[in-house]
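Chains as they are written, first to last, in my numbering: chain A, 1 to 340; chain B, 1 to 340; chain C, 1 to 340; chain D, 1 to 340.
Keep in mind the hints are simulated off the structure, nothing from the lab.
These figures come from a predicted structure and were not determined experimentally.
For every residue, glycine included, the Cβ atom is placed at its ideal position computed from N, Cα and C.
It is possible that part of the hints are untrue.
If you want a taste of the chain D side facing chain A, the calculated C-beta under 8 Å gives, among others [to be verified]: (1) Gly38; (2) Gly42; (3) Leu48; (4) Arg54; (5) Leu57; (6) Ala61; (7) Arg138; (8) Met191; (9) Ser233; (10) Leu267; (11) Ser279; (12) Met280; (13) Gly337; (14) Val338.
Here are the simulated DSS-like pairs of lysine-lysine, each with C-alpha atoms no more than 27 Å apart in a straight line [unchecked claim]: (15) C:Lys262 x A:Lys179; (16) A:Lys182 x C:Lys182; (17) D:Lys179 x B:Lys182; (18) D:Lys182 x B:Lys182; (19) B:Lys179 x D:Lys182; (20) D:Lys179 x B:Lys179; (21) C:Lys262 x A:Lys182; (22) A:Lys262 x C:Lys182.
Covered by chain C, per the in silico footprint, the following chain D stretches (three or more residues, Cβ under 8 Å) [stated by the list, open to error]: (23) 83-97; (24) 104-116; (25) 144-158; (26) 299-310.
There are 4 protein chains.
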Amino acid sequence: MRAAIAGASGYAGGELLRLLLSHPGIEIGALTAGSNAGTLLGAHQPHLAPLAGRPLLETTAETLGGHDVVFLALPHGQSAAIAEQLGPDTLIVDCGADFRLTDPAAWEHFYGGAHAGTWPYGLPELPGQRERLRDTRRIAVPGCYPTAVTLAVFPALAAGLAAPDVVVVAATGTSGAGKSLKPHLLGSEVMGSVSAYGVGGTHRHTPEMEQNLAAVAGEPVTVSFTPMLAPMSRGILATCTAPARPGVTAEALREAYELAAKDEPFLRLLPAGQWPATSMTLGANTAALQVALDERAGRVVVVIAIDNLTKGTAGGAVQSANLALGLPEELGLPLNGVAP
Amino acid sequence: MRAAIAGASGYAGGELLRLLLSHPGIEIGALTAGSNAGTLLGAHQPHLAPLAGRPLLETTAETLGGHDVVFLALPHGQSAAIAEQLGPDTLIVDCGADFRLTDPAAWEHFYGGAHAGTWPYGLPELPGQRERLRDTRRIAVPGCYPTAVTLAVFPALAAGLAAPDVVVVAATGTSGAGKSLKPHLLGSEVMGSVSAYGVGGTHRHTPEMEQNLAAVAGEPVTVSFTPMLAPMSRGILATCTAPARPGVTAEALREAYELAAKDEPFLRLLPAGQWPATSMTLGANTAALQVALDERAGRVVVVIAIDNLTKGTAGGAVQSANLALGLPEELGLPLNGVAP
Amino acid sequence: MRAAIAGASGYAGGELLRLLLSHPGIEIGALTAGSNAGTLLGAHQPHLAPLAGRPLLETTAETLGGHDVVFLALPHGQSAAIAEQLGPDTLIVDCGADFRLTDPAAWEHFYGGAHAGTWPYGLPELPGQRERLRDTRRIAVPGCYPTAVTLAVFPALAAGLAAPDVVVVAATGTSGAGKSLKPHLLGSEVMGSVSAYGVGGTHRHTPEMEQNLAAVAGEPVTVSFTPMLAPMSRGILATCTAPARPGVTAEALREAYELAAKDEPFLRLLPAGQWPATSMTLGANTAALQVALDERAGRVVVVIAIDNLTKGTAGGAVQSANLALGLPEELGLPLNGVAP
Amino acid sequence: MRAAIAGASGYAGGELLRLLLSHPGIEIGALTAGSNAGTLLGAHQPHLAPLAGRPLLETTAETLGGHDVVFLALPHGQSAAIAEQLGPDTLIVDCGADFRLTDPAAWEHFYGGAHAGTWPYGLPELPGQRERLRDTRRIAVPGCYPTAVTLAVFPALAAGLAAPDVVVVAATGTSGAGKSLKPHLLGSEVMGSVSAYGVGGTHRHTPEMEQNLAAVAGEPVTVSFTPMLAPMSRGILATCTAPARPGVTAEALREAYELAAKDEPFLRLLPAGQWPATSMTLGANTAALQVALDERAGRVVVVIAIDNLTKGTAGGAVQSANLALGLPEELGLPLNGVAP
């Protein structure tokens with residue numbers, strides 16, 4: 001199998017390449033970029049030694065054509081046009097938001113402009129979702145926050161242990177914002193400081209979380225979501241709480257999460273008493289989580305750690321692509337974090 | 001006025017000294033320590049150049065006696081014995097937890113052992129509290145998290161705009177854990193990683209938050225509190241949300257916070273649209289906060305940033321001591337953060 | 001005295017304002033900016049609460065005129081034109097490079113373009129320099145690296161204990177590069193990573209170091225200088241070594257440094273055995289240094305820590321301005337670092 | 001092949017396990033520890049999901065016996081006794097210092113106590129060394145700093161382009177100090193700060209560098225070495241300079257380094273103009289380096305980046321073990337860094 005990567009000079013593109021470099025079933029084909037087209041990859045991804053001399057081509061149907069799989073790591077709104085030109089037989093894995101939402105009104109409210117459509121959602125751990133990804137030729141890779149929050153909350157909702165009124169506060173590393181040159185992303189600003197942004201229900205990932213969780217809960221789910229920027233490059237740590245249903249016990253809660261994690265290679269319920277740290281999952285496709293019942297406050301509390309670039313973007317993309325290509329789901333995906 | 005500092009080799013002690021070194025109304029007297037007694041301060045606080053040669057004495061009634069004010073920055077449980085020996089005329093400012101809680105049962109549940117009593121609570125911004133601190137000879141300095149959370153939430157509860165069912169997720173710098181030598185506090189562990197701890201209603205600061213907020217709300221308040229350790233030395237960023245009361249508007253919410261911050265020198269409501277970052281308050285006694293109404297989720301969301309060692313400990317201690325000593329409340333307390 | 005600050009939205013400008021806010025002898029007047037003119041200071045320096053509502057004016061002779069002192073924190077090459085228009089009676093303190101070098105050829109080689117001239121050099125600790133700064137109306141503030149390296153090396157050269165062939169490797173925080181929006185300054189790039197830049201004698205601060213040290217040594221001095229970008233916002237730690245002259249002893253070396261630091265309020269020779277860390281000087285105008293004789297390698301080794309924005313830029317500027325204005329040299333300048 | 005790891009709860013042990021978990025030719029056998037024996041690995045290495053439930057045994061000849069290869073990641077001085085008991089047929093790879101030095105006097109001066117002996121030195125890139133490692137049953141893994149400095153400097157000395165009088169200043173991440181619980185290694189102390197230590201020719205890695213370089217140069221080599229602790233968990237960036245021999249050109253220098261890197265899988269000479277950052281090599285067995293001729297100062301300047309735990313310890317250990325076991329040298333060793 002040969003893969004092309006569009007947006008190879010960005011952070012998502014770089015992580016896709018890092019994973020594919022040690023993927024035994026996928027060979028790296030064309031690399032394309034936007035304004036960086038015409039330069040060498042090594043100028044942008046100096047950590048990828050074997051690809052340093054590879055040129056970045058223009059992102060066109062010609063350069064991306066002729067591959068078995070095309071990974072799109074493009075700014076929002078650019079995927080539909082490319083996808084149309086590539087034809088129905090190419091597996092297209094879109095790391096952008098364009099095809100994630102099912103509700104056009106939600107798309108318009110949060111992203112603006114016309115809704116491009118909906119593709120199979122690349123989160124195999126979501127009940128029933130794995131089957132939908134086998135043999136598809138189109139995959140919408142989840143957002144990084146929705147990946148974390150959905151994996152953290154769905155077991156409690158699926159088991160009817162929590163009310164569908166979820167409060168999420170999540171810290172992310174700065175790579176989640178990409179390589180965009182904005183003053184608040186400068187090292188001088190972010191080091192030694194945690195800051196809030198997108199507060200008050202305004203973050204674009206909110207409807208995606210609600211959509212995923214509603215599908216599991218079988219009823220509408222409200223998410224109050226507050227993201228924070230933390231002084232680290234990678235990682236998301238999300239704290240998710242919801243009112244416990246009457247009579248819920250700590251044992252029932254743990255059982256529900258054990259069941260959910262049971263056969264999932266990348267969902268890791270930590271031993272009781274151990275709480276997630278993003279370092280556990282740095283560079284890995286693993287989600288590490290832990291659950292507690294706060295009996296005083298009457299709430300279920302779930303904390304989850306993922307690497308926003310791996311399980312939250314590029315790893316999730318490769319995992320779903322493996323399914324669609326008929327390869328073993330875990331192929332080429334690291335289980336272990338790089339720590340300390 | 002002369003001040004003695006017990007626990008001068010720790011982080012709270014160091015911050016007290018940094019503030020007192022530029023305080024025009026308080027002179028630094030005896031410095032004492034526990035296991036570090038007999039060494040020089042410069043070995044432990046090398047950033048305090050003018051005090052580098054000062055010896056650390058044993059923490060006893062003799063070494064602490066004869067000062068106008070004694071700041072205690074001791075491990076929990078050691079303050080009562082010292083306080084008794086110093087007599088009623090010395091102003092004692094306890095940065096520990098011993099005298100914060102009013103409910104002996106809450107003390108026993110969260111700290112264990114016998115409750116030592118309750119002293120006037122050193123948070124002048126709390127309605128009515130400023131007057132109680134004038135001329136007192138005993139002050140219980142609030143915990144760092146309760147300082148942040150109380151300042152963030154009390155205006156909404158006092159104005160009846162939010163229900164008394166609060167969810168708090170707060171990131172702290174590592175200095176909040178003190179200088180204790182534990183593996184999870186090593187630089188190698190904390191850099192590049194955010195982790196959760198004290199989840200599920202188990203953190204000791206929870207009853208203190210509830211006590212403060214219940215006094216303002218005039219009814220019991222439940223706090224679901226989840227702390228996180230962030231890769232920075234200083235700072236707390238707390239996200240606090242509670243259900244909005246029916247009919248609450250964004251305007252009413254902002255007005256309530258403007259009113260609360262109006263005459264408070266250290267409570268800074270940011271301009272609309274600007275959200276707090278801990279760097280805004282690094283080394284300062286300022287709390288920077290912002291509020292929003294999440295109309296989709298029906299929740300009030302408040303985010304607040306403080307420096308855990310300054311407003312959250314030593315600055316709060318000096319602010320309250322100023323009141324008790326009849327000095328201007330703001331004397332010697334920095335308003336501006338050190339940034340970037 | 002009233003001061004205007006040109007370039008108030010940048011890092012050097014922000015640090016000048018932070019210092020002046022607690023300076024009892026200088027009042028803050030006009031604030032000007034380049035492309036940020038027309039916005040409020042609070043959007044760029046949110047840590048400076050009392051100035052948040054102050055407007056940023058255009059940088060012109062009109063807005064800067066009528067002040068006793070004008071601090072220029074502008075890009076290289078813009079100071080001469082402004083200075084001419086402000087007239088000879090205004091104290092102008094230039095934080096840029098334009099007037100630091102005496103040798104036009106060195107200027108042209110390292111900066112390009114025509115040499116603007118030479119102003120009295122704002123490093124009062126340099127032998128004989130303090131007197132030159134009293135009553136001057138023009139001050140060229142040293143570069144951050146030259147401040148560190150000159151203070152570290154001049155005592156050994158002045159005492160004839162080291163040969164004039166100096167090797168310097170220095171780590172700097174990212175604020176040294178200012179707020180320029182370049183990919184390698186993004187938080188994602190700098191956190192968790194140390195990198196080299198300006199290697200091989202190409203860094204513009206090299207001739208400034210050589211100029212300072214040659215004046216002290218009375219002979220030409222060669223500096224091999226390698227800077228590194230470290231994952232912190234502030235601070236320079238410079239390691240400076242030079243061949244020891246024959247017969248030099250560790251005692252003679254320490255004596256030379258004790259003599260040099262003796263009456264200098266901001267030059268702090270650490271006790272034997274303690275080595276500098278940048279945290280000792282964070283936010284302070286202090287330089288902390290230590291010296292050793294490596295007898296195996298036959299070299300003098302000096303390590304020095306400063307805050308690049310304080311002693312290395314804005315603090316040095318205020319210190320020299322104090323002298324020129326007839327104020328006490330130490331007025332308004334913090335001695336103590338903010339740590340941990 | 002089955003491998004036992006002694007010292008599995010430490011940082012070197014953890015990195016060995018991370019590498020071996022994806023090594024197709026070596027299976028992980030017994031894991032042992034010192035004071036952590038009796039606990040589960042997951043308590044100490046939570047990033048290694050598949051091994052979380054593995055017990056830590058006592059470090060004895062019994063638990064380590066019966067494996068093809070034993071990796072020792074023990075405190076200095078403990079390897080000899082274990083090695084004796086394991087017998088001559090087991091491949092023993094010692095990550096400690098015990099068997100690195102050839103000169104007993106240097107050992108006694110820098111480490112104290114009796115010299116244990118000398119084992120083949122595990123740096124295959126050193127001229128002639130690769131052959132010595134094939135089929136050996138004993139390997140002394142180089143120290144992290146000597147790995148970086150030797151790889152950086154040997155090409156210039158081997159080609160006669162630099163004088164044997166080397167000045168090295170190197171920044172390291174905190175994991176180089178291991179998990180020892182010391183105040184200066186706390187996150188609160190190291191974040192936001194660079195500090196110097198082991199200055200003046202006192203660091204134990206100095207004689208090891210000199211030994212390696214003298215062997216290549218064919219004459220004694222002096223190294224003036226100054227290490228710095230940088231606010232990152234992993235990585236070494238070393239700046240190495242030495243006087244250029246008369247007549248040396250930049251072209252000749254680059255040629256010498258191209259020749260040295262030519263067939264070395266883990267030695268990566270960057271394209272001209274690109275300088276190393278530790279992020280390029282994070283988690284990888286690669287050394288990234290660049291060389292320049294400073295014509296003004298007459299010095300060769302080489303900057304190199306490695307991951308202290310990978311190429312600097314565990315990766316170097318596995319690379320040499322591969323050779324000794326007759327496996328492909330690169331087997332199981334990552335080439336690409338995890339970035340950003």
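Taking the hints in turn, this is what the structure says about them:
The interface hint given for glycine 38 of chain D is broken, as the beta carbon of that residue sits about 16 Å from the closest beta carbon of chain A, more than 8 Å. With 8 Å as the threshold, the beta carbon of glycine 42 of chain D comes within range of chain A, its nearest partner Cβ sitting at about 7 Å, so the hint holds. With a least beta-carbon distance of about 5 Å to chain A, the hint placing leucine 48 of chain D at the interface is held under the 8 Å criterion. For arginine 54 of chain D, the interface hint is violated, since its Cβ never comes within 8 Å of a Cβ in chain A; the closest pair sits about 13 Å apart.
Taking 8 Å as the C-beta contact cut-off toward chain A, the hint placing leucine 57 of chain D at the interface is violated, the least distance being around 20 Å. At its closest, the beta carbon of alanine 61 of chain D sits 29 Å from a beta carbon of chain A; the interface hint therefore is violated under the 8 Å criterion. For arginine 138 of chain D, the shortest C-beta to C-beta distance to chain A is roughly 29 Å, which exceeds 8 Å, and the interface hint is violated. Because the beta carbon of methionine 191 of chain D sits about 7 Å from the nearest beta carbon in chain A, less than 8 Å, this interface hint is met.
With its C-beta approaching chain A no nearer than about 5 Å, serine 233 of chain D sits inside the 8 Å limit, and its interface hint holds. The interface hint given for leucine 267 of chain D is broken, as the beta carbon of that residue sits about 11 Å from the closest beta carbon of chain A, more than 8 Å. Among the interface hints, the one on serine 279 of chain D holds; its C-beta lies about 6 Å from the nearest C-beta in chain A, closer than the 8 Å criterion. At about 5 Å, the closest approach between the beta carbon of methionine 280 of chain D and any beta carbon in chain A falls short of 8 Å, and the interface hint on this residue holds.
Residue-level restraint check for glycine 337 of chain D holds (minimum Cβ-Cβ distance to chain A is 3 Å; threshold 8 Å). The beta carbon of valine 338 of chain D comes within 4 Å of a beta carbon in chain A, closer than 8 Å, and the hint placing it at the interface holds. Distance check on the hinted pair: lysine 262 of chain C and lysine 179 of chain A sit about 49 Å apart at the alpha-carbon level, beyond 27 Å; violated. A hinted pair counts as satisfied when its Cα atoms are at most 27 Å apart, and lysine 182 of chain A with lysine 182 of chain C qualifies at roughly 9 Å.
Proximity of lysine 179 of chain D to lysine 182 of chain B is assessed by CA-CA distance (about 10 Å); at most 27 Å being required, the pair is judged to hold. A hinted pair counts as satisfied when its Cα atoms are at most 27 Å apart, and lysine 182 of chain D with lysine 182 of chain B qualifies at roughly 9 Å. In summary, the hint linking lysine 179 of chain B to lysine 182 of chain D is supported, as the alpha carbons are separated by about 10 Å, within the 27 Å threshold. For a cut-off of 27 Å, the pair hint linking lysine 179 of chain D to lysine 179 of chain B stands: about 16 Å separates their Cα positions.
In summary, the hint linking lysine 262 of chain C to lysine 182 of chain A is not supported, as the alpha carbons are separated by about 45 Å, beyond the 27 Å threshold. Among the hinted pairs, lysine 262 of chain A with lysine 182 of chain C is inconsistent with the structure: their alpha-carbon atoms are about 45 Å apart, more than 27 Å. Requiring three or more residues with a Cβ within less than 8 Å of a Cβ of chain C, the coverage given for the region 83-97 of chain D is violated, as only 0 such residues are present. Beta-carbon proximity to chain C at under 8 Å applies to 0 residues in the region 104-116 of chain D; the threshold of 3 is not reached and the given coverage is violated.
Judged by the Cβ-Cβ criterion of 8 Å, the region 144-158 of chain D is not covered by chain C as claimed, because only 0 of its residues qualify and three are needed. As drawn, the region 299-310 of chain D meets chain C at 4 residues by the rule of a beta-carbon pair under 8 Å; at three or more, the given contact holds.
Hint check: violations occur at hints 1, 4, 5, 6, 7, 10, 15, 21, 22, 23, 24, 25; the rest are consistent with the structure.
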